[in-house]
Amino acid sequence: MSLINATPSITVTTDLIRLELNGTTVMLESDLSLSGLLVVNNIDVASVAIVVNDTVIPRSGWQHIQCQANDRINVFSAVAGG
Amino acid sequence: MKSLTDREYQQYSRTMLLNDIGEAGQIAIMNSQVAIIGMGGLGLLVAQYLAAAGVKHLLFIDNDVVEISNLPRQLLYTPTDIGKPKVTVAKRTFSRIHSDIHIDAMNIKLTDDTIKANLQLITSKLADVDVVFDCTDNLPSRHVINQLCVQHQLILISGAISGYQGQVFCLNFADQTSVILSGCYHCLYPSHTHIEQNCTQQGVLGPAVGVIASMQALMGLQHISSTLNQYGVLHCFNAKSFLWQQAQMSRDHQCHVCKPMHISAQDQGAEYVTN
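Protein sequences appear in the order of chains A and B.
According to my numbering, the first sequence holds residues 127 to 208 in order.
According to my numbering, the second sequence holds residues 3 to 277 in order.
Same shape as in the complex, but just chain A (with noise of 0.2 Å):
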């Protein structure tokens, strides 16, 4: 959808939450922000909407929102188009 074409990325440490990015499940740092995950899947921040569990979270808020365990998170590419 929409999708960035990322691969997400695994960290192997012994404190991982289990999410869905993008529709593929992932395990990551469960002190990561949403502005630290786009940062992880090396996503340029300014360019995309962060959908999480079907709501979408202004940019604002990505500092300060720490991604949950079984969080369905989408990340999508502004389009203007027309």
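Just so you know, these hints were derived from the structure itself, not from any lab.
Incorrect hints may have been included.
[As the list claims (entries may be wrong)] Stretches of chain B that chain A covers, calculated by requiring three or more beta carbons in the stretch to come under 8 Å of a beta carbon on chain A: (1) 43-53; (2) 160-172; (3) 185-192; (4) 221-227; (5) 236-247; (6) 254-261.
[Stated by the list, open to error] Heads up, simulated DMTMM-like pairs for lysine to aspartate or glutamate below, C-alpha to C-alpha not over 25 Å straight-line: (7) K93/B x D132/B; (8) K111/B x D66/B; (9) K242/B x E155/A; (10) K242/B x D157/A; (11) K242/B x D180/A; (12) K118/B x D130/B.
Since this is a predicted model, take the numbers as computed values, not measurements.
C-beta atoms are modelled at their ideal positions from N, C-alpha and C, and glycine is treated no differently.
Start from chain A and add chain B according to the hints.
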């Protein structure tokens, strides 16, 4: 218009067979006024659907000319139209096909500067518009249109597509509760958003444009006939996998574009409760 002629009954019978639309909905469609900004792939198709459905007053806004690369997806333009202003060609063509509709055409690009320079004219043209369709091809125009819709408390139906990715949503700025819940275009894509690819760079298939345009027209007709129940929902379409995804849009509490309305709504709500 309060009633339909016999010919109109026949012409719009399939629409009116939908129980929730009926004759009242068809009359509402025929009494409506819409603005379509951007007369490219999306805008042309939206206009075709609306005019065919019975919308009698359409405002076209665009400053582009027809180019040869437009022809595969902008279906009403022909090779002889190349180099001519899109709004001029569109107005001429629609007037020929639908002799009983009124089309207003503005050959202008909506920017902060052009809006300031033509504020009275633009305000008067949007005053009685029921729906604004954003069919433009760039982010700055989309922000300007969003701001206009917020300020004038209009219905904004925004469609966009590039490559295989399409997005469409309807925001109701006339309903402040809806604004508080769903925000505005700026809440979704702030001003500093970077568009990595557009149609010029990434390409697009005509039918994929048609899917998004159809959704915009569908939302518009449902809003006008009071049968739309999904405001503030972002619909994302993947034209490769043919999958749709939906998400509830959210207001950004730091958004300066829809903030005044938000505060106003809270105040009104508080006053209502107090009284």
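Hint check:
1. Residue count for the stretch 43-53 of chain B with a Cβ under 8 Å from a Cβ of chain A: 3. That meets the three needed, and the coverage hint holds.
2. With 8 residues carrying a beta carbon less than 8 Å from a beta carbon of chain A, the stretch 160-172 of chain B meets the three-residue requirement, and the given coverage holds.
3. Coverage of the stretch 185-192 of chain B by chain A holds in this model, with 5 residues showing a Cβ closer than 8 Å to a Cβ of that chain against a need of three.
4. Coverage of the stretch 221-227 of chain B by chain A is violated. Counting CB-CB distances below 8 Å, 0 residues qualify, and the rule asks for three or more.
5. Look at the stretch 236-247 of chain B against chain A: 8 of its residues bring a Cβ nearer than 8 Å to a Cβ of that chain, three or more, so the hint holds.
6. For a cut-off of 8 Å, the count of residues in the stretch 254-261 of chain B with a CB near a CB of chain A stands at 4, and the three-residue condition holds.
7. The straight-line distance between the Cα atoms of K93/B and D132/B is roughly 20 Å, inside the 25 Å bound, and the hint therefore holds.
8. Using a Cα cut-off of 25 Å, the hinted pair K111/B and D66/B holds, with the two alpha carbons roughly 8 Å apart.
9. With a C-alpha separation of about 32 Å, the suggested pair K242/B and E155/A falls outside the 25 Å cut-off, and the hint is violated.
10. Between the alpha carbons of K242/B and D157/A the distance comes to roughly 34 Å, so the proposed pair goes past 25 Å and is violated.
11. The suggested pairing of K242/B with D180/A holds, with an alpha-carbon distance near 21 Å, which does not exceed 25 Å.
12. Between K118/B and D130/B the CA atoms are separated by roughly 20 Å; this keeps the pair inside 25 Å, and the hint holds.
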